[in-house]
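Chemist: Each chain is listed here by its residues.
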Amino acid sequence: MIRAVLVMNTQGRPRITKFYEFWPVEKQHEAIRNVFSVLCSRAEHVSNFVDAESIFGPDSRLVYKHFATLYFVLIFDSSENELAMLDLIQVFVETLDKCFRNVCELDIVFNYSKIHAILDEIIFGGQVLETSSTEVMKAVEEITKLEAASNAINLVSKSVSNWRSR
Amino acid sequence: MALSGMRGLSVFISDVRNCQNKEQERLRVDKELGKIRTRFKSEKGLKPYDKKKYVWKMLYIYMLGYDVDFGHMEAVSLISAPKYPEKQVGYIVTSCLVNENHDFLRLAINTVRTDIIGRNETFQCLALTMVGNIGGREFSESLAPDVQKLLVSSSCRPLVKKKAALCLLRLYRKNPDVVNVDGWAVRMAQLLDERDLGVLTSSMSLLVALVSNNYEAYWSCLPKCVKILERLARNQDIPQEYTYYGIPSPWLQVKTMRALQYFPIIEDPNTRRSLFEVLQRILMGTDVVKNVNKNNASHAVLFEALALVMHLDAEKEMMSQCVTLLGKFIAVREPNIRYLGLENMTRMFMITDVQDIIKRHQAQIITSLKDPDISIRRRALDLLYSMCDVSNAKDIVEELLQYLSTADFAMREELSLKAAILAEKFTPDLSWYVDVILQLIDKAGEFVSDDIWFRVIQFVTNNDDLQPYAAAKAREYLDKPAIHETMVKVSAYILGEFGHLLVRQPGFSPREIFNIIHEKLPTVSTSTIPILLSTYAKILMHTQPPDPDLQNQIWAIFKKYESCIEVEIQQRAVEYFALSRKGAALVDILAEMPKFPERQSALIKRAEDTEVDTAEQSAMKLRAQQLSQTSNALVVSDQHPTNGTPAVMVNQLGLLKVPNPSTRSNMDNDSEDQRLPQVNGTLSKVEALPQSADLDGVLLDTLAIEGPPSSIVQPKSNSNLGLGGIAVESSALVPVDQQANAVQPIGNIAERFRSLCLKDSGVLYEDPYIQIGLKAEWRAHQGRVVLFLGNKNTSPLLSVQAIILPPTHLKTELSLVPETIPPRAQVQCPLEVVNLLPSRDVAVLDFSYKFGNDMVNVKLQLPAVLNKFLQPISISAEDFFAQWRSLSGPPLKLQEVVRGVKPLPLLEMANLFDSYSLTVCPGLDPNPNNLVACATFYSENTRAMLCLIRIETDPADRTQLRMTVASGDPTLTFELKMFIKEMLVSIPPAIQKPPQASPTPLQQASDVAASTDPGAMLAALL
Chain A
1 MIRAVLVMNT QGRPRITKFY EFWPVEKQHE AIRNVFSVLC SRAEHVSNFV DAESIFGPDS
61 RLVYKHFATL YFVLIFDSSE NELAMLDLIQ VFVETLDKCF RNVCELDIVF NYSKIHAILD
121 EIIFGGQVLE TSSTEVMKAV EEITKLEAAS NAINLVSKSV SNWRSR
Chain B
1 MALSGMRGLS VFISDVRNCQ NKEQERLRVD KELGKIRTRF KSEKGLKPYD KKKYVWKMLY
61 IYMLGYDVDF GHMEAVSLIS APKYPEKQVG YIVTSCLVNE NHDFLRLAIN TVRTDIIGRN
121 ETFQCLALTM VGNIGGREFS ESLAPDVQKL LVSSSCRPLV KKKAALCLLR LYRKNPDVVN
181 VDGWAVRMAQ LLDERDLGVL TSSMSLLVAL VSNNYEAYWS CLPKCVKILE RLARNQDIPQ
241 EYTYYGIPSP WLQVKTMRAL QYFPIIEDPN TRRSLFEVLQ RILMGTDVVK NVNKNNASHA
301 VLFEALALVM HLDAEKEMMS QCVTLLGKFI AVREPNIRYL GLENMTRMFM ITDVQDIIKR
361 HQAQIITSLK DPDISIRRRA LDLLYSMCDV SNAKDIVEEL LQYLSTADFA MREELSLKAA
421 ILAEKFTPDL SWYVDVILQL IDKAGEFVSD DIWFRVIQFV TNNDDLQPYA AAKAREYLDK
481 PAIHETMVKV SAYILGEFGH LLVRQPGFSP REIFNIIHEK LPTVSTSTIP ILLSTYAKIL
541 MHTQPPDPDL QNQIWAIFKK YESCIEVEIQ QRAVEYFALS RKGAALVDIL AEMPKFPERQ
601 SALIKRAEDT EVDTAEQSAM KLRAQQLSQT SNALVVSDQH PTNGTPAVMV NQLGLLKVPN
661 PSTRSNMDND SEDQRLPQVN GTLSKVEALP QSADLDGVLL DTLAIEGPPS SIVQPKSNSN
721 LGLGGIAVES SALVPVDQQA NAVQPIGNIA ERFRSLCLKD SGVLYEDPYI QIGLKAEWRA
781 HQGRVVLFLG NKNTSPLLSV QAIILPPTHL KTELSLVPET IPPRAQVQCP LEVVNLLPSR
841 DVAVLDFSYK FGNDMVNVKL QLPAVLNKFL QPISISAEDF FAQWRSLSGP PLKLQEVVRG
901 VKPLPLLEMA NLFDSYSLTV CPGLDPNPNN LVACATFYSE NTRAMLCLIR IETDPADRTQ
961 LRMTVASGDP TLTFELKMFI KEMLVSIPPA IQKPPQASPT PLQQASDVAA STDPGAMLAA
1021 LL
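Quick note, the sequences are listed as chains A and B, same order.
Using UniProt numbering, the first residue of the first sequence is number 1, and each one after it goes up by one.
Using UniProt numbering, the first residue of the second sequence is number 1, and each one after it goes up by one.
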């Protein structure tokens, strides 16, 4: 089972966090800090695995991938295959890429509600739900259509979010 | 709406991003939370859109690490909103914020159910997702049937179905009863016929959860799993969107192989064959390529296949093929594959067949210890640790040591621990073990826990051969310029104990040893100084002939620390100073530490098997220590030889090194001058020791003792045994007996004595030949004890001797004991006891007999203890208080705070007092945490004397209490106080006399610890 998904930037700021087991908010933050302190000290071209038991307790593993300014981290137990989890991060990132066309940190910051919806189409209650980014995209588009139908407000275009960034 | 912008939300996120520091961020967040709170409170006018916006903001704030408890209700309430956008926010945010036991969730359960059974697919998806994330037991019970229906419904779209499958998985985890095994197994098998790979992936996850609990119900799924695997491996009918970097859904392949690993065996030969074909294909057809993602995916499948092959217990051929693959992996460039290669090799090592093949890769694994990636280094360390055995321990441990100096700090502690364990477990010889540990301390002192260096000291202490070697090594390390404090501790300890063994070698004179250790004193912390002081005391003791300069120098140091603020240092300084002025007696008091009781460990066991002598010597030294803790009053310094056994007096240090000749018991030499040469004559090593020259002085000076070789119970089997059971002299002068004791006692002597202290009849001692029973009557200060000596055998017991060694406060008279006890006969020997004075000392029965060729001698404590002369009494409150007040202070009334008390509920403590004839008077003390007791004590000197006791306990800390004892006689007050203290401090383990005269801090410390755990003991000793 996947225990948590963490997306944080290279300064250690959380961008998306989702815990599939209940963790009190302070503990979540302690864990995020600890993960960051491990990740930020890792060189390039090393493995994508990090010892997680000291942070998340026994029977926990951690894989991460580093993209530009972001770390994508999955924490899971021994019932999952490490490399398959790494592939799942890739699927998540590729899906984001398709959604935002060359996704960058700011897309995630300002559309974090949408990222949650995407994540929910990939991981469901700690289990792999869908591994085809095409299928995920289809589901997300359906949601978008529904929302548009309910005629709420305008989309925040990518240019706007870029404009907001510092 | 989730996927489209909300201006307010974006503004807020920008604001937070613009905060320069955490403080600003907090202010901004607090402001926002305040706003949200007010808005939520003023219910009217809050449009669903606003509500949605605020709930998203809350989730964002929550992600930043702030608590948003107040908003849970709002998030949950959005679930029942009619429109999709609000509902979606409600479901998503609720599943992030709320935990499964939250009360609000119960309120939503009906809405959730309506959404699940409703016709709106999107609502179904939202509801299923939330339940799948945070559904608890209640959800499980009320929703499982609906979810199952969705899962098997033919009209349900894959989008919903795959969520239903995982939702059911969650509900099943929360309550396995919701899935009816009999009915569901068939459906589960049908689900595996699904063509849609998305649904199949979810269903496979569900199957894994089900079979992990109960595979037997799902046998029918097994062939289907193999079919799915075949389909994927052959890439048959796999849609493009499920092909990931050219590999047909690696996740489904992995999951399917996981599911198969829960079935213990595959019986059907056809299925098995097809499966092995697939596996073979995976194993052979995977290559390392350039594209990282493709590599990851193909190796995800490959490593899962390896795991499955291991599980299926394939033929050796396939296994060795796997090992070959792994051997290839641990050398590739791709770090992830190196990592997993090592990890899987560690797993594979459990299979005995391939261990030797894996060992061939040792060199490569050792290279991985130097990998740039710490994760890989860790795996390499794990693998080396698990593949280490006697054959390669030396190589591996030496590699670890070498690596230690360059290893990063994060790994050093683990590394040193593992090296220490391996060195201990697989050491080819003990000197190597000592080398390893000293190197460890040298290279990574700060990571070497106390346990590790305690352990090496235990080994050195328990292995005489090792002692000179260890001393030499310790001396070497002390010469190094900057050494870690732990090294100072170990070296000082070892040199203090064993430095004298090398006194003839250059650099080992007491003065040189002292100088080099003393050099370190200014650099060490206060925890090390006590060890150094002990070492100085030991050096002083070993300096023969005495060196006045050195002595003065050491005395000056003791003097200096007499006013040290650290209690431990101060106490040692004061005590060592006082002790070291006692001249020759110092040698007894500071005798070499006894051997440690052996721990249960493979290494020790082997050591015991191969070195029986050592084990026995160990037992002897242990006993020597324990004896030296017993009261001095037991010493009869002018003991007459009995049983034809001369009292042999030898310097302990000499004796501990050498065997005691078994022929000794046949000698009859009364004069000490005559005895000595015999001892020396038979003890080959004595001359080599510097002390031998001084034996005379020692002999004339003090304590004689003996113990015929076969006489004494070996405490080996029970290290407690010696504590109270053998009451020999207080001095540690016990000859070492290398002959196995032919006669072992039955039962625990100390235990028997203890129970007889509380009752008046029972068995005092038993062995295969004799049973000594005891029956006593106590009247005021007099007692009449009858010893029943029963011969259990069909041949007579000869040379029976029984002598009472009475302490000064008891007058005893034992009637004549017949020299021979006929077969199967019982002899009664009355013993009259008169109590003259209050004292805690104990009379000893020195009993011996001969059976066949076995000479047996035991020394048994007699239960003529202080409480036997107490009588319960009940007095009124007035009388009690009148007496209490009239006994106003020391020496008639003494108070002491006792720490380290064995924690007892007050009621049990009261029972304990009652069992010792101390009448507890309830209600006399208004404080319910206190206990008041009284008794009458009888002795010839004091006559009947009223004793009053008050115990004040601390309910917060049951290990300490304050005790006040009052009586009309100062000695009685003191003795009774000590008696009660002993009774409270060491309740069951041992009724043990703490040292009265000249206690050494070393022994005192261990006395308190009274633990058989060597680690704790050593800690206490240090």
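Since the hints were made in silico from the structure, they are not lab data.
What you are looking at is a predicted structure, and each value in this text was computed from that prediction instead of being measured.
Be aware that one or more of the hints could be misleading.
[As the list claims (entries may be wrong)] Cut-off 27 Å, straight-line C-alpha distance, at most; resulting in silico cross-link-like pairs (DSSO-like, lysine-lysine):
id	chain 1	residue 1	chain 2	residue 2
1	B	394	B	480
2	A	138	B	149
3	A	138	A	65
4	B	981	B	759
5	A	145	B	582
6	B	359	B	370
7	B	35	B	47
8	B	22	B	83
9	B	394	B	328
10	B	893	B	981
11	B	559	B	582
12	B	294	A	65
13	A	138	B	83
14	B	41	B	31
15	B	811	B	792
16	A	98	B	290
17	B	294	B	359
18	B	359	A	27
19	A	27	B	22
20	A	27	B	31
21	B	35	B	22
22	B	792	B	759
23	B	370	B	316
24	B	370	A	65
25	B	47	B	31
26	B	83	A	145
27	B	47	B	22
28	B	83	B	47
29	B	359	A	98
30	B	174	B	149
31	B	425	B	370
32	A	65	B	328
33	B	294	A	138
34	A	65	B	290
35	B	227	B	290
36	B	418	B	480
37	A	98	A	27
38	B	759	B	775
Chemist: Are the hints correct? Go through all of them and say.
Modeler: Status of the hints after comparison with the structure:
| no. | hint | in the structure |
| --- | --- | --- |
| 1 | B:394 - B:480 | holds (25 Å) |
| 2 | A:138 - B:149 | holds (25 Å) |
| 3 | A:138 - A:65 | holds (25 Å) |
| 4 | B:981 - B:759 | holds (20 Å) |
| 5 | A:145 - B:582 | violated (98 Å) |
| 6 | B:359 - B:370 | holds (18 Å) |
| 7 | B:35 - B:47 | holds (15 Å) |
| 8 | B:22 - B:83 | violated (37 Å) |
| 9 | B:394 - B:328 | holds (26 Å) |
| 10 | B:893 - B:981 | holds (15 Å) |
| 11 | B:559 - B:582 | holds (16 Å) |
| 12 | B:294 - A:65 | holds (15 Å) |
| 13 | A:138 - B:83 | holds (21 Å) |
| 14 | B:41 - B:31 | holds (16 Å) |
| 15 | B:811 - B:792 | violated (31 Å) |
| 16 | A:98 - B:290 | holds (24 Å) |
| 17 | B:294 - B:359 | violated (30 Å) |
| 18 | B:359 - A:27 | violated (42 Å) |
| 19 | A:27 - B:22 | holds (18 Å) |
| 20 | A:27 - B:31 | holds (24 Å) |
| 21 | B:35 - B:22 | holds (20 Å) |
| 22 | B:792 - B:759 | holds (24 Å) |
| 23 | B:370 - B:316 | violated (32 Å) |
| 24 | B:370 - A:65 | holds (23 Å) |
| 25 | B:47 - B:31 | holds (21 Å) |
| 26 | B:83 - A:145 | holds (13 Å) |
| 27 | B:47 - B:22 | violated (32 Å) |
| 28 | B:83 - B:47 | holds (12 Å) |
| 29 | B:359 - A:98 | violated (48 Å) |
| 30 | B:174 - B:149 | holds (18 Å) |
| 31 | B:425 - B:370 | holds (25 Å) |
| 32 | A:65 - B:328 | holds (25 Å) |
| 33 | B:294 - A:138 | holds (24 Å) |
| 34 | A:65 - B:290 | holds (18 Å) |
| 35 | B:227 - B:290 | violated (31 Å) |
| 36 | B:418 - B:480 | holds (25 Å) |
| 37 | A:98 - A:27 | violated (33 Å) |
| 38 | B:759 - B:775 | holds (9 Å) |
Going down the numbered hints, you'll see the structure goes against 5, 8, 15, 17, 18, 23, 27, 29, 35 and 37, while the others check out.
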